[in-house]
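K.L.:
Chains Z and X are the protein sequences, given in the same order. Under this note's numbering, think of the first position of the first sequence as 150, with each following residue one higher. Under this note's numbering, think of the first position of the second sequence as 34, with each following residue one higher.
Calculated from the structure, these hints are not laboratory results. Keep in mind that this is a model prediction, so the values were computed, not measured. Just so it is clear, CB atoms sit at the ideal spot from N, CA and C, and this is done for glycine as well. Accuracy of the hints is not assured; some may be wrong.
Unchecked claim - A few chain Z residues facing chain X, derived, Cβ under 7 Å:
| hint | residue |
| --- | --- |
| 1 | GLN179 |
| 2 | LEU182 |
| 3 | ALA185 |
| 4 | LEU189 |
| 5 | GLY196 |
| 6 | ARG202 |
Stated by the list, open to error - Which stretches of chain X does chain Z cover? Using the computed rule of at least three CB atoms under 8 Å from a CB of chain Z, they are:
| hint | stretch |
| --- | --- |
| 7 | 413–421 |
| 8 | 427–436 |
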Amino acid sequence: MTLNTDPNIAAPDDFYESLIDLHRELSDEQSALVNAKLILLLANHVGDAEVLREAMAVAVQGVARAVSPPAPGKSQ
Amino acid sequence: MKTYTNPVYPYAKPADLDGTTRHWPVIVAGAGPVGLTAAIDLALRGIDVLVLDEDNTVSVGSRAICWSKRTLEILDRLGCGERLVQKGVRWNVGRVFFQDEQLYEFDLLPEAGHRRPAFINLQQYWVEQMLVERVAELPQAELRWQNKIIGVDPQHDRIAVRVATPDGEYRVHADWLIVADGARSPIRGMLGLESEGQVFRDRFLIADIHMSSDFPAERWFWFDPPFHRDQSALLHRQADNVWRVDFQLGWEADPEEEKKPENILPRLKAMLGEKAEFEIEWASVYTFQCRRMRNFRHGRALFVGDAAHLVSPFGARGANSGIQDVDNLVWKLELLMEELAPQGLLDTYDSERIFAADENIQATTRSTEFITPKGNASRTFRNAVLALAKHYSFARRLVNSGRLSVPAVLADSPLNTADGPDDAFGGAMVPGACAADAPVKGPRGDWLLAHLNGEFTLLAFDASLPAAAVATLAGDAIACAVIQVGGAPIHDACLIEDKDGLFAQRYDARPNTCYLLRPDQHVCARWRNFDLARVRAAIARASGGVASVMNREAA
Chain Z
150 MTLNTDPNIA APDDFYESLI DLHRELSDEQ SALVNAKLIL LLANHVGDAE VLREAMAVAV
210 QGVARAVSPP APGKSQ
Chain X
34 MKTYTNPVYP YAKPADLDGT TRHWPVIVAG AGPVGLTAAI DLALRGIDVL VLDEDNTVSV
94 GSRAICWSKR TLEILDRLGC GERLVQKGVR WNVGRVFFQD EQLYEFDLLP EAGHRRPAFI
154 NLQQYWVEQM LVERVAELPQ AELRWQNKII GVDPQHDRIA VRVATPDGEY RVHADWLIVA
214 DGARSPIRGM LGLESEGQVF RDRFLIADIH MSSDFPAERW FWFDPPFHRD QSALLHRQAD
274 NVWRVDFQLG WEADPEEEKK PENILPRLKA MLGEKAEFEI EWASVYTFQC RRMRNFRHGR
334 ALFVGDAAHL VSPFGARGAN SGIQDVDNLV WKLELLMEEL APQGLLDTYD SERIFAADEN
394 IQATTRSTEF ITPKGNASRT FRNAVLALAK HYSFARRLVN SGRLSVPAVL ADSPLNTADG
454 PDDAFGGAMV PGACAADAPV KGPRGDWLLA HLNGEFTLLA FDASLPAAAV ATLAGDAIAC
514 AVIQVGGAPI HDACLIEDKD GLFAQRYDAR PNTCYLLRPD QHVCARWRNF DLARVRAAIA
574 RASGGVASVM NREAA
């Protein structure tokens, strides 16, 4: 299985609105917690390790790391 | 301490100081649990061994407490497992709490039919004392207290150490030096070697308290409990009504302040209740580290235990893995010293135990990341997992309070003979796995592992082996004992009975199935039918024979 990046949500505006509503009147910290729970729930629903890896790779694309990670295989 | 008085072992002036020095096959540096285990294994194999320790007693304070099933099985082979089990507290069940409720419980040994429990808890000083007593029973081992190694001189054909005693210094040499001198390993420093890794930015208060309590003998772990908000805590029962408590303190905590009884007592009272009556036996504040040396073998110096690799304690993978190091090393050294194996066999000590160390470092690093999240994102996900785990089973699988020590499966070891195309097997006993115990009836009692005696062993299930083949295996330079599981008795073989059918089940055995076990009880080959030539080839391979041929070809 590969990550589906084609349109797959029937009513995208409804979904987006409910996602934003979910965070209404939450502090940044609370929002972060809700997002984390959402990711965990959805990740478990997906289950497939390859799809999850692909989604993580896509999500981090174009986001420059503030601190460069250690070279693979080298202990820090 | 109220429940334990450290023995003071006598110092005796070594004869070496009077100029009568002798050469030793093996010197062991350090009389901790790992060094002592090495000495016992060597002595039982008939190898003279000198153990040098700078102190004159066992561990002061408890330190390691959880001894795994595998450790007990190794110590059973060395004739002292029963002493630990008699004194220790058996446990199989762990519980994980979040705030004021239990998230889940786990049973580390859910099936019956094993001689040893998943773990016993026993204070490190008791274990060391029992191992010292075992060493004293073995004339081939000499243990010298207050003999501190202050220099190492590796040479091509031997290795010399300089030793300081209350009566002055002497020099002694050996074929091999087993370095078991602990996390700070002075010998590692003397040889200019390093152990690389990371320190976790957190501090933990560890205290042993004496208390009469009816808490069960289980591992209890709390995230964010009411008595210790935003941090974790751990409770374990040890022998003599001593309990281990462990409080996460955070990186900012001042170790000297936290160690003071007036600061420890309120934490303990909050955890155990105002009415609990207890005394503090010992307390210390720790930071945890994961480190390992790049190689465990450096010529004639062989690093074992914490000197070679260090893990955070969540999972009881420190002392237990050190004892497995020794279990892996000593039979190889024996074959080498008898000139039955090439030096290359020792390189498999390095590769097999580095594989195991990396597995342990990965497991404990993951646990530590969950218990002590680095950064906001990590903390947020951890808290999200805990919040979801209250209601959803999937999230309970993500909660990590320590993945407890199990022996590494050395599936990629060059000493294994891969399953042949006609030898399909199911189950866990793949080449590289540690032989599972099973209830049997036999001349050496009711357990399979009790019938293994530290040499290569062929388990032949309901097979009619030619008596001449059994005699050949027993008479080979690298001898292999044969244990028949059922069938008609054969001369030279040991006959046992698969009492409850669990042996056959655990080994996916059918009539004629054969398993070859290494001296350290790891499976190294298996077949659906007996074939003498294949068994001998597998023994040659597992003792480095194939590697030596390859080395010669390469050269």
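K.L.:
Determine for every hint whether it applies to the structure shown.
P.N.:
Cross-check of the supplied hints:
1. GLN179: violated (10 Å)
2. LEU182: holds (6 Å)
3. ALA185: This interface hint holds because 4 Å falls under the 7 Å limit.
4. LEU189: holds (6 Å)
5. GLY196: Given a least distance of 9 Å, the restraint on GLY196/Z is violated.
6. ARG202: violated (17 Å)
7. 413–421: holds (count 7)
8. 427–436: Holds: 3 residues of the stretch 427–436 of chain X have a Cβ under 8 Å from chain Z.
Hints 1, 5 and 6, counting from the list given before, are not met by this structure.
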